[in-house]
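Chemist: Chain Y is already provided as a structure; the job is to place chain D on it using the hints.
Each chain is listed here by its residues.
2 protein chains.
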Amino acid sequence: MNTLRTVTLANGKQSTILLADDLKDLSSHLGNYGRSVLWVFDTNTAKLFKQLPPVHVVLESGESSKNFVSLERILFAAMDEGLGRDGRIIGFGGGVVCDMAAFAASVYMRGCHLTLVPTTLLCMVDASVGGKAAIDFRGLKNMVGSFYPADEILISFDTLRTLSEKEFLNGLAEVIKHALLSQDEELYKLLLTKKNEILARDSETLQRLLDLSLAVKIWYIEQDPTETLGIRQMLNLGHTFGHALESSSHFGLFGHGSCVAWGTGRALEAGVSLGVTEKAYASGATKLFKSYGYNMDYRIGRGDWIDFREHLSKDKKKEAGKVLFVLLEGQGKAILKPLEIQTVQHLVIAKPIF
Amino acid sequence: MNTLRTVTLANGKQSTILLADDLKDLSSHLGNYGRSVLWVFDTNTAKLFKQLPPVHVVLESGESSKNFVSLERILFAAMDEGLGRDGRIIGFGGGVVCDMAAFAASVYMRGCHLTLVPTTLLCMVDASVGGKAAIDFRGLKNMVGSFYPADEILISFDTLRTLSEKEFLNGLAEVIKHALLSQDEELYKLLLTKKNEILARDSETLQRLLDLSLAVKIWYIEQDPTETLGIRQMLNLGHTFGHALESSSHFGLFGHGSCVAWGTGRALEAGVSLGVTEKAYASGATKLFKSYGYNMDYRIGRGDWIDFREHLSKDKKKEAGKVLFVLLEGQGKAILKPLEIQTVQHLVIAKPIF
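Chains as they are written, first to last, in this note's numbering: chain Y, 1 to 354; chain D, 1001 to 1354.
Next comes chain Y alone, as it looks inside the complex (with noise of 0.2 angstroms):
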């Protein structure tokens, strides 16, 4: 078990991230905590274990679980195994189990011990870290949440090693879009040059992916913890128009990085039409995005239109009632900007201008 990075957050509070050898190692880890442990599996990652822990919620896998139900069913055995504040809630699995068990642990007697083990990519480099928590509320992605850094998050590379293909491209969208949005250039040139060893999953060619994709979160949450300066924001770059597309197709046609990486194309050709993107930048972008097997030139249907503006009247990066959009001055260096609906909808709906 090694540490990969120590993360300071909101009140000072620091999450450590740590790497396991293995399967086993991570076990070993967590066998140290003893009783005063609560675990939350979904459907999926409880069958990694032959037998699960004593104290334990299995979430229905999916985007689904993320509300009040399975939060009341955590707080419930939480309650019932008369955990007190000193106990600890262990969340194993994808972005759905670490949310609900980073929630649930924020309002847990107001806050109890919180361990992530994300095990998707897309976890490991997007939900687990950073402290947000959230549920879905009447069908709107995240309305309702914390902020929460959980004290320790366990990464094992076994488990990114038995990833379907489309939920490792689901990550890799965040990972794509960290690139897009980091100081220097190493993770994009990572990308561009390793792009089969990624794919094989190499184990080093990850560490280092994930490593850097995890600097640039570092480097945007660090400042801005609990997103109030306009520095957290940035990192939402694609996911205005990407949660939108989730949220009216309802959450699941399309997966949350293929969202991801659609919406970084509207913001890169919303920034081009803007004059503020050079379009050699937004090109080369969208170029590396198509290059993983993102379908960037997806345009939703005229009949989809009133929901999809609808939905994106519902974000949350909002000044004076007017939805805030993350463009791209270039490599790194993101602004916050209203756009005329009219201009969403002619980018959303018109044919590809790349």
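No lab work stands behind these hints: they were computed from the structure. Among the clues, some could well be false.
Computed cross-link-like contacts, DSBU-like style, restricted to lysine-lysine with a CA-CA straight-line distance of at most 35 angstroms [unchecked claim]:
id, chain 1, residue 1, chain 2, residue 2
1, Y, K13, D, K1166
2, Y, K314, Y, K333
3, Y, K50, D, K1322
4, D, K1189, D, K1050
5, Y, K13, D, K1318
6, Y, K24, D, K1318
7, D, K1314, Y, K50
8, Y, K50, D, K1318
Examples of chain D residues lying across from chain Y (beta carbon under 7 angstroms, computed) [to be verified]:
id, residue
9, A1010
10, N1011
11, G1084
12, R1110
13, G1145
14, S1146
Yeah, the Cβ is synthetic: ideal placement off N, Cα and C, and Gly gets one too.
Modeler: Frame of chain Y; chain D shown alone:
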């Protein structure tokens, strides 16, 4: 509108406590927020308005509204109105309304603006200040919640004068508790020497009482905003015994204040029996409570002990599975100590020792 005190809490977030000349002054201050505001009332405080503000939620008055259903009602109303993160929830009422408004504001889009207008003495001196918000869960008080200080707390004495005697005494118990926890004797002396003025709710005396009481609370919470250093917990003097009584009598047979007064009496007795508290100090403090009409001699029936013990065991102040009690070594000197269950049983069932 005058600033009474300013509190700096978690993340350096400041709460300003403002004193309004009267209800009109209060309304004109709140009127400035214009749109993007959601008001939370209960069935009692809603009656204070001839016409309710356009966007509002009215909760059923009473502790039974401190639940997930009320939380979801507020969140849904906020969403329905299209409130952004820069929107504001205003809680107008007692502890239940302020707790619900604060918990909702803390999780709505991971945090929006929050104004509290406490309308009871209890809420003015306690619930509204310090950022603790919570709901009851599965029959246990404040099991689920968060730390989320209000941006501002608006107090108008007009409301205090309309409170019932019972409701006024409900808050005064916390004031007396603060007097025992204070680093000086000013509040204690005020309570001893100005009983008639206090009970007659003389404005000048009440303002002094409120200010001194807030000063004590602020002294503890500023040092330990999220109750992790064993300092803020001292404010729970009387609450471990008191909450168990309140819970086992199903939230309502006794008011919160009566329970806290009674619980503080039990904590003083516990201290005396362990040689922690001087008998003369305990006796004096008990007399002070009695002089304001609190029943300090009440003991639970033998048949209620199992239920009481069960509720006690769910207290949040636990270490290694043992419930910790706040005891007093003397004026302003609180300590945390586990008690043997036999000691507790003896204290809550046996005859009074003072």
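Chemist: Determine for every hint whether it applies to the structure shown.
Modeler: Hint-by-hint comparison with the structure:
no., hint, result
1, K13/Y / K1166/D, "violated (42 angstroms)"
2, K314/Y / K333/Y, "holds (26 angstroms)"
3, K50/Y / K1322/D, "holds (33 angstroms)"
4, K1189/D / K1050/D, "violated (41 angstroms)"
5, K13/Y / K1318/D, "holds (21 angstroms)"
6, K24/Y / K1318/D, "holds (32 angstroms)"
7, K1314/D / K50/Y, "holds (32 angstroms)"
8, K50/Y / K1318/D, "holds (33 angstroms)"
9, A1010, "holds (6 angstroms)"
10, N1011, "holds (6 angstroms)"
11, G1084, "holds (4 angstroms)"
12, R1110, "holds (5 angstroms)"
13, G1145, "holds (5 angstroms)"
14, S1146, "holds (6 angstroms)"
Of the numbered hints given earlier, the model fails hints 1, 4; all others are met.
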